[in-house]
Amino acid sequence: MESIRLARLSRLLEEAPIKTALALMALAAFIVVGLTVLDRAGFVSFDFIAANWTFLLGPAELALFATIVSYVIGFGFAIPMGAARAFGPGILKRRDTSAWIFAPIYGFVSGYAEAVRGTPVYVQILLVHGLVTAAVPKLSAVSLWAGIIALTINTAGYQTEVFRAGFQSVGQGQLEAAKSIGMRKFQAFRYITFPQALRLITLPLVNEWIALFKASSLLSAISVLELMWGAQYIGVNLGHPIDGFLMVSFYYLVILIPLSRVVSYIERKKRIPGLGTAEPARTRFIGFRRTAPQDLSSFLSESSGRVSRDAFLQRRVAHTIPDGVLAQHPSIDPPPRERGRDAEGSETIGAAPRTSFFSRTADRLGLQSGLARGPRRRRESFQH
Amino acid sequence: MIAVRGIHKWFGPLHVLRGIDLEVTKGEVLVIVGPSGSGKSTLLRCINLLVQPDEGDVLIEGVKVNSPKIRPEWVRQQIGMVFQSFNLFTHLTALQNVSLGLTKVKKMPAQEAEKLARYELERVGLADKASSYPAQLSGGQQQRVAIARALALNPKVMLFDEPTSALDPEFIHEVLDVMVKLAEEGMTMIVVTHEMGFAKGVADQVIFMDAGQIVEAGTPAEVFGAPKTERLRSFISKILG
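So the protein sequences, as listed, match chains A and B. So the first sequence is residues 1 to 384, counted in our numbering. So the second sequence is residues 1001 to 1241, counted in our numbering.
Simulated from the structure, these hints should not be mistaken for laboratory data. Note that beta-carbon positions come from the ideal geometry of N, C-alpha and C, so glycine has one too. Treat each hint with caution, since some may be false.
What follows is a set of in silico ranges between Cβ atoms, one per label pair, in the way DEER data are often shown [as the list claims (entries may be wrong)]:
#1 B:Asp1177 to A:Gly118: 57 to 67 Å
#2 A:Ser223 to B:Gln1052: 21 to 31 Å
#3 A:Ala211 to B:Met1196: 50 to 60 Å
#4 A:Lys270 to B:Ala1166: 24 to 34 Å
#5 B:Leu1059 to A:Asp96: 16 to 26 Å
#6 A:Pro120 to B:Ala1211: 28 to 38 Å
#7 A:Arg5 to B:Ala1135: 40 to 50 Å
#8 B:Glu1023 to A:Gly90: 29 to 39 Å
#9 A:Gly90 to B:Leu1059: 28 to 38 Å
#10 B:Gly1019 to A:Gly118: 25 to 35 Å
In silico DMTMM-like links for lysine to aspartate or glutamate, alpha-carbon gap of 25 Å or less [to be verified]:
#11 A:Lys270 to B:Glu1114
#12 B:Lys1104 to A:Glu176
#13 B:Lys1106 to A:Glu176
#14 A:Lys185 to B:Asp1128
#15 A:Lys185 to B:Glu1114
#16 B:Lys1064 to A:Asp96
#17 A:Lys269 to B:Asp1128
#18 B:Lys1156 to A:Glu176
#19 B:Lys1069 to A:Asp96
#20 B:Lys1064 to A:Glu2
#21 B:Lys1107 to A:Glu176
Please model the complete structure; the sequences and the hints are all you need to start from.
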């Protein structure tokens, strides 16, 4: 009996939600303990942080503004430039005038992408700032404009390469099929290549947003009043450098972590089988699955909304096994277990009453514990 | 209906098609057989101009279509093509795969296109799979959707490039059934295949190609029953194993 309990416990610990929860708790404990030690030792002042944490709200807003504007404009430029990079070699091979017209465009885009990726973003920011202030010294908020232009130039180069990779990874067969139904080249790009590529590159595009947001911290060098500037102000003018950088780290984390989680959630939610994102993990968002997985939805029993194991198995095998055989098959129609009485005194048949701590807790939380969930998800296969 | 006159095609130094002539009349089924690398697929691709022939003419209803004056997109709308590897659009459902050409190429209103697409899916026996994505379908089902996609544009001729070669044996017959039905309905078809049963049962003409040339041509009985050349005899014995 004891060994069965241990086996059940160890299986439960393998469940992803439990693992996630344990990991998060350990992380939180580590941070709290570490900060408390630093506070006691006098390196960090909780009182100062508590009194001044709103100071960075304005800078955070400005950093977000600069990043979002640059990213969106860069995105717009990156689509045609990525297409030029991806399809350029093919066009250059043609033996007509279009190759000659296209050659300088391809040369410019390639040189641009190489230049942006081959120089530090810090240099780019200072260079653009120098040029912009020299050209229009009287412009108000000239630093912010220069910063946005520099970040736009930078992210356009990186996103160009992301789009190039995305366009190149859409199979040749897809294009041939598009042509075979009479689509023009631009239509094939618009309706086939582009939407497929976008799904394939969602993750690199999010990574680029994260990298750009962090790169925006360098705008402090041209006195844009963004997060990093705020941290330096706290350090230099208020005399709390460690507190300032700790606070700014917290701001970056609070902005970036939820963003990437939300995007990967949407990515999984909107996924198309066989394209881009892998099959959703068995966990959702932070960890707990509240409803039955989607591809089992047709097996939901109408009354409870839960997966009925028998219905699931019967439907799965119904098309391969004739009716008469099905009725007697032991794995589909298990012999009833011993009858007993549950807590309310009503008769129970079939599944043993759930008694473990975990399953009771899971019930209270409205979750299905791993043991009660029934058959594990199978690899997605085609439907018959 | 469809005629090919003296087609040559080079891929670099490789002379893939060495002067092909053939003619298919309306409602006829032409089966092309031959060892791999003999230029069968390239010939099909030349007919719908996915590959531009270097020499020779492709005529559809007497019009030379491989001329600079005619847009290849227009030609391809008249010709349905089914690929060995299905090539369904992976980001679209079965229904969207079929209706995309109607809305974007034929500029049909969305509702009308959907109705027609559903009808085409029903024709290939997949009305219930309209909302499935290609990755959720078996190979046979994917190929039937691909046939429906080509049929939706109401083509004058259908080209099949080894439509069953990438399929598991259990799914081959469902695709062949659809093709037999199409042939019975009077569709003009050019089929590259190794399915001897289909060729014998359905074809009006059979062409045996080798090394970019037509080696033998005739009715199935002539070509399979009384092969004249050694090359065809050895090919048949290999195919029948």
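Exercise for review: Of all the hints given earlier, name the ones this structure violates by number, lowest first.
Suggested key: 2, 6, 10, 14, 20
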